[in-house]
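Novice: For this one, chain F is given, so just place chain B on it according to the hints.
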Amino acid sequence: MNLRLIRASVGPALFIVLAVALCGPTASSKGLPIQDQPAVKPGVNEDAQILADFKRRVDEYAALHKKVEASLPKLSKEAMPEEIDRHQRAFGAAIGSARAAAAQGDIFTPQMQALVKTLLQRLFAQSDRRKLRESIMDENPGNIRVTVNSRYPDTVPLASMPAEVLRNLPQLPEEVVEYRFVSDTLILLDPQAHIVVDFVPRAMPR
Amino acid sequence: MLKSQRLVCSLALATVLLARPGVWAGQTTALPNRAESLKFCVLGDFGTGERPQYELAEQMAALHRKFPFQLVALVGDNLYGSERPQDFKKKFETPYKPLLDADVKFYASLGNHDAREQRYYKLFNMDGRLYYSFKAPKQDVRFIVLESTYPEPEQIRWLEDTLQTSKENWKIVYFHHPLYSSGGRHGSDLKLRETLEPLFVKYGVNVVFTGHDHIYERVKPQNGIHYFVAGSGGQLREGGSEANMPFSAKIVDKTQVFLAVEIFENDMSFNAISRTGQVVDSGLIGRQDTKGRAQSRSPGL
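Read top to bottom, the protein sequences are chains F and B. Per the numbering used here, residue 1 is the first one in the first sequence, and the count goes up by one each step. Per the numbering used here, residue 1001 is the first one in the second sequence, and the count goes up by one each step.
Here chain F stands alone, though its shape is the one from the complex (with noise of 0.2 Å):
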């Protein structure tokens, strides 16, 4: 395995876990829930396995992302907002089509859900709790229904992501998908369709 690719997709924590598994067998995390989750090799770590299924999902969506990209009209680097904003409808609209049987945990396993719980669980309980939590709910949206392909809501804002938070959860294509919270749920945002991809309800530690 890469380490070089490794240490470049995933966050300082995960890279840990990664690291630990390579050096020897024993290696396993701890109390992860494990469900149809594929056979484990041998001397694999269960964490790795799921983030490379993670890796290897989102990949996949940012491929679909990017062949619809090329079969649409391409946005002026010099746009009015009217411009952006159909663009990103119709791309939206184009990618709703595509995978139009998507459905949540398609990409968020709920193997990689737990594991998601589990990275922030630690980072809360290694962190200034109450702060990190204000920043998150700051310009929080709050309680909206999402789901998977939905466009994101035109009249809520797009809540704050603490850097923190984002070292600690494995890396995205840059300018593919973003994480991003509605009240308590961890969302995948395509920023340019503006739509979910997919959500991990409840991932905030309480």
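Hints are computed from structural coordinates only; laboratory data are not their basis.
Derived list of chain F stretches under chain B, where covered just means 3 residues or more per stretch with a C-beta under 8 Å from a C-beta of chain B: (1) 66 to 77; (2) 84 to 98; (3) 135 to 148; (4) 164 to 176.
Quick list of in silico lysine-lysine cross-link-like pairs, DSBU-like style, CA-CA up to 30 Å: (5) Lys-77/F to Lys-1122/B; (6) Lys-131/F to Lys-1254/B; (7) Lys-131/F to Lys-1250/B; (8) Lys-66/F to Lys-1122/B; (9) Lys-66/F to Lys-77/F; (10) Lys-1138/B to Lys-77/F; (11) Lys-1089/B to Lys-1122/B; (12) Lys-74/F to Lys-1105/B; (13) Lys-55/F to Lys-1191/B; (14) Lys-67/F to Lys-1122/B; (15) Lys-117/F to Lys-1191/B; (16) Lys-74/F to Lys-1089/B; (17) Lys-1254/B to Lys-1105/B; (18) Lys-1090/B to Lys-1105/B; (19) Lys-74/F to Lys-1122/B; (20) Lys-1202/B to Lys-1135/B; (21) Lys-1090/B to Lys-1122/B; (22) Lys-77/F to Lys-1089/B; (23) Lys-77/F to Lys-1105/B; (24) Lys-74/F to Lys-1135/B; (25) Lys-1191/B to Lys-131/F; (26) Lys-77/F to Lys-1090/B; (27) Lys-1105/B to Lys-1066/B; (28) Lys-1138/B to Lys-1220/B; (29) Lys-77/F to Lys-1167/B; (30) Lys-1097/B to Lys-74/F; (31) Lys-1220/B to Lys-131/F; (32) Lys-77/F to Lys-1135/B; (33) Lys-74/F to Lys-1090/B; (34) Lys-1097/B to Lys-77/F.
Predicted model, so just to flag it, every value in this text is computed and none were measured. Just so you know, even glycine gets a beta-carbon here, dropped at the ideal spot from N, CA and C.
Specialist: Okay, now just chain B, sitting in the frame of chain F:
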């Protein structure tokens, strides 16, 4: 002489200069307003569409009539809440219309509340890029604009290349998340500082502007670099700063503020101006060389 000794000498000199009107922070230092100078403003965390933003924008327009600044550096959180076409109008185009009509260019960086699509917005002059640099229209100044929400390795490599190849006398970097801040909500981003500051020191960055915390703060020079937080361009967290931070030189957390800056040769003058038009902080910074030594007749702050 060690850098710390130089700073002590500068501070001693500054104390002497305090008695001279118009030279030193603590008194209102007028901007020289020279014809050949680079004049610009710094604005952050502004796009609320609410009255305080509009009032501060009016002060910027009033300043422009007597101090014709060429550009505005936006340190992020350019639009709060929704980002529909009408929001761009209400939260940006309408309040700054007098400046836009006067051909003032706004160069944006993105904050944590900003959709990345803003980089395509013509009036933010980002040319579709999340991070970029540009040479100032006057004086020997290069601005370097970063994206600090997702500071990926590729950007850091680009930053190092850009700093290394930049030959301008003044290197000014701006982005959203502060490396030094007394803001009670967010405070200093230590991880980002760990990544960026060594590069800033190595390649002789002179001044860094940021936002994120909704206050105005001038930081004492750190490793020879001058840091400002200008995060109250519309938003304000009243009393939102923590007292007694050792690095803090001046905090304003009772009113919205923008910064007006003028660079002429080796001097950078600045005024922090409130929404009622008061100068709430001002001073003169002498350009440092790449080793942090002052190149100006003026003291470092």
